[in-house]
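A.B. asks: In case you want the letters, here they are:
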Amino acid sequence: MKTELLKLLSNNARYSDRQLADMLGTDEQTIAEEIKSLQKQGVICGYKAVIDWDSVENQSVSAIIEIKVVPQAGLGFEEVAERISSFREVESVYLMSGGYDLNVVVRGKTLQEVAQFVARELATIDSVTSTATHFVMRRYKELDVKLFEGEKDNRGNILL
Amino acid sequence: MIDYSRVLNKNVSEIKPSGIRKFFDIAATMEDVISLGVGEPDFQTPWAIRKAGIMSLEKGKTKYTSNRGIEKLREEISSYIDRKQNIEYDPENEILLTVGGSEAIDVAVRAIVGEGDEVIIPQPSYVCYEPISVLAGGKPIIIETKAENDFKITPDELKAAITSKTKVLILPYPCNPTGAVMEQSDLEKIADVLKNTDIIVISDEIYSELTFTPNGHISITQIDGMRERTVLVSGFSKAFSMTGWRLGFACGPHEIIAQMTKIHQFAIMCAPTTAQYAAVEALKNCEEAVADMKSEYNRRRRLMVAGFNRIGLTCREPLGAFYTFPSIKSTGLSSDDFCERLLESERVALVPGTAFGKGGEGFVRASYCYSTEHIIEALSRIEEFLKTL
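Residue numbers (the numbering used here), protein chains in the order written: chain A, 441 to 600; chain B, 104 to 492.
Isolated chain B (complex conformation) (with noise of 0.2 Å):
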């Protein structure tokens, strides 16, 4: 008998499956739940992009593309991020294609992380962050962000945090779970403290065009100086509802791209073909579209976050991303028995705040990818709920 648990990479073997895992599995096997627990939009592709997926492989575009994906993608990415930040990036040899903006992440880490070397990881986030960082050899160092403050990162804990070992910040805005968003001063706050750092940001910005501020999403890149030390990661998945098609990007300094594509090569050879191809119309022709739905989840969260605060859970007004964040510490509940109990007696899906980190404790993640006849159903059995506790 092999003893499975010698042969196997401990790095790996040792990292906690993500979320509460007894939850998850009664929540996944449930019948007939109202669920606000899933962060992927509930809209179709728009059927423009569709129709160009369909043309593609029509036409034959069913090989390998480059490494960095195709070119004329590339180009499209480039202007796309030029127009709506006003930061130029070479398609050349400073963009390149991922499968998700998930490997996108995992290769700008993997090319700068080595064994011991420091990660610095805001939480409540994206669970994705703390394992890719561990594969890498890394060690996570966690900075809990509040609720006072926003859940933004704070100079004075970003300057916390750092030790002579720091190599990389994730900073994750706008934010899944909180909504948070770091708008233009709170990002110069953070750059001056980077500014005389060897300290590289990978800025996961997939949530980018889900900004519901007036002047909308800013890029640390556009901060003086930030340019030459942040990866701007980013995709399709969200903006344009393309969470099958897989694909995403990584811009950067082209000394870190090229290392990030030598990973990217030798284990996923190119993106898929198809999203490729799709995607070009999708940055091409469809401003109108992605607009259009971003009106639609700008109603459902004023609706979600003025439901919460009246039904009696005080909920922030997230700016960004497509979910609300309110606190269930009014209940005296933890996370997790609000969510199991609501999910027991009134069958309604949330996510507990602790699944994207030990600061998410009193807090709830309620995302409104569903429609308004379905939020305010959700919202009228949570209500249902709180009067019997």
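Chain A extracted, bound-state conformation (with noise of 0.2 Å):
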């Protein structure tokens, strides 16, 4: 069942759990008390609404650096992510195979505001030999939410 439930929560956190326990054919107190154990345990970290930022009128900007990291001796890139992870105006860290070290999705209100963020801030750590910040044109899709408007269901209000 702990697959089923997260799989549903990560389609759609604001199912109650009375929905969720009928989907999965169970009771309220069974889901209340697994979802308390998969938080605890850190399996689930937090719930965020998808927002399409683009509609919104205090519009904002995001970007992705990709940014080449001189590990450390013992402590590879730990220290740097964790580092580059504490600032507020970072989305995600990840730590990448292939022509880079690390993807830092930032956000910020304008483009300088983000440059600027880039150049005084990450750029200056000594680990981090390069950056380079692709700005986000479009976003499409987002955490499997399409952003724009797909086709409408034309199946009609009646099929026997």
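Any given hint could be a false lead.
Under the rule of at most 35 Å between Cα atoms (straight-line distance), these lysine-lysine pairs were calculated in the DSBU-like manner [what the hints assert, rightly or not]:
hint : chain 1 : residue 1 : chain 2 : residue 2
1    : A       : LYS581    : B       : LYS387
2    : B       : LYS187    : A       : LYS447
3    : B       : LYS397    : B       : LYS154
Since the hints were derived computationally from the structure, they do not count as laboratory data.
Mind assembling these two chains? They're in different frames, but the hints should get you there.
C.D. replies: The structure is reproduced here in structure tokens:
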């Protein structure tokens, strides 16, 4: 049940315990306990809405930063990754295989703000040898959710 | 002026249009409706299947196929049925590809039923069996299955319906709209009644993949002595979300399939070529996609059954297909009135049980071919509607 429950919550975190219980063929209390335990174990790390910021007035910009790092003896990438993660402006940090080391998503109010953040806070870290900033121009899909109007259900209302 | 009523075939003109015309006309044109009224998967055809269709077009597979369908697909169907039901059909002469399961039912009935022959049809059930039997010159004999029997057909009901003129029993399980399935022991009892007769079963198993019992779908062809007196009908529409591809099939004794093939050959030529090539991929490589859709249907099914029971509409657990069939008797309304008023006041479209035969009175059909969010919204509107009664 654990995997099925997690799949359902990753699709829609706002299902009520009752709805989850109905779908999984169990009772509300079991669901409540399972969720509590998954939160405690750190499997469920948080709940957030998927927002199309482009459709909101106070717009913001985001960028993907490719960072090359000299790993430190004994610590590898941990220290620098954790340090970058601690910035409020940083949305996500991934250690990558391939041509660069850290993939960092940064969000800010304006292009300049993001550019300055990268220049002042990320590029200046000792073990960082280079950064490449790619601004996001348009989002089409975010966390499995399409941000454009897809095809409507054209099956009609009644079909026997 | 031509008097068309004298021109047209009475067998055709006397067939009632399906369902409740007035309600359907209103529902069809109304906008902003939260519908649970559609008997068609909401999933897209799995991409691998679509790609196989596209590839076949790129390779120029755009001609007629043999009347019975391409050999490769008949072989795949043979091994699929063997895998699922442990029954062997010879791809050479016991399998016919048709334009949807509907055509398979039509040609099976036409191959067996002649003027005055009787066709036993359990209802509530899908709407095509009665008119197809009438068009073949047959006489439909309706068995009204009962809610207290979980809408299964019982051996006593069957015995009472059989006469010397009975040619065919239609066995529509898993059942649209009731969601009923016939389990092994139910089928054995039906088989006992039929074994010493010449009655042929046309077993419409189009929903077989969507069976939610622990043992999964059991076909009547698996019961001793039944393979020789059964035409098994199925297709790709429901399990593989391929409704628009129009591809079904029939498996049966070659003596029957040969006659069906003749009708099919003269009326249709062959099933759609692109769909046939795509279907090979469906049977070879799409078991996982089918299983994923099935578990999604299962979650929705549980959500809907629990939802209806909670808001006060008694709903038996449907064990197959993708419909729930809750009772609306507690409201005191007829099925038609219930659906009309619900549509008007809350803009939710359900199908009155009476669309599937008189025995559907007191019930409505709600399909769960919709997202869970959609189902939750519809249920909450139905709950609001019930409060106003």
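A.B. asks: Next step is simple, just say for each hint if it's right about the structure.
C.D. replies: Now for the hints, and whether the structure bears them out:
{"no.": "1", "hint": "LYS581(A) to LYS387(B)", "verdict": "holds (31 Å)"}
{"no.": "2", "hint": "LYS187(B) to LYS447(A)", "verdict": "holds (28 Å)"}
{"no.": "3", "hint": "LYS397(B) to LYS154(B)", "verdict": "holds (22 Å)"}
Comparing the model with each earlier hint shows no violations; every hint is respected.
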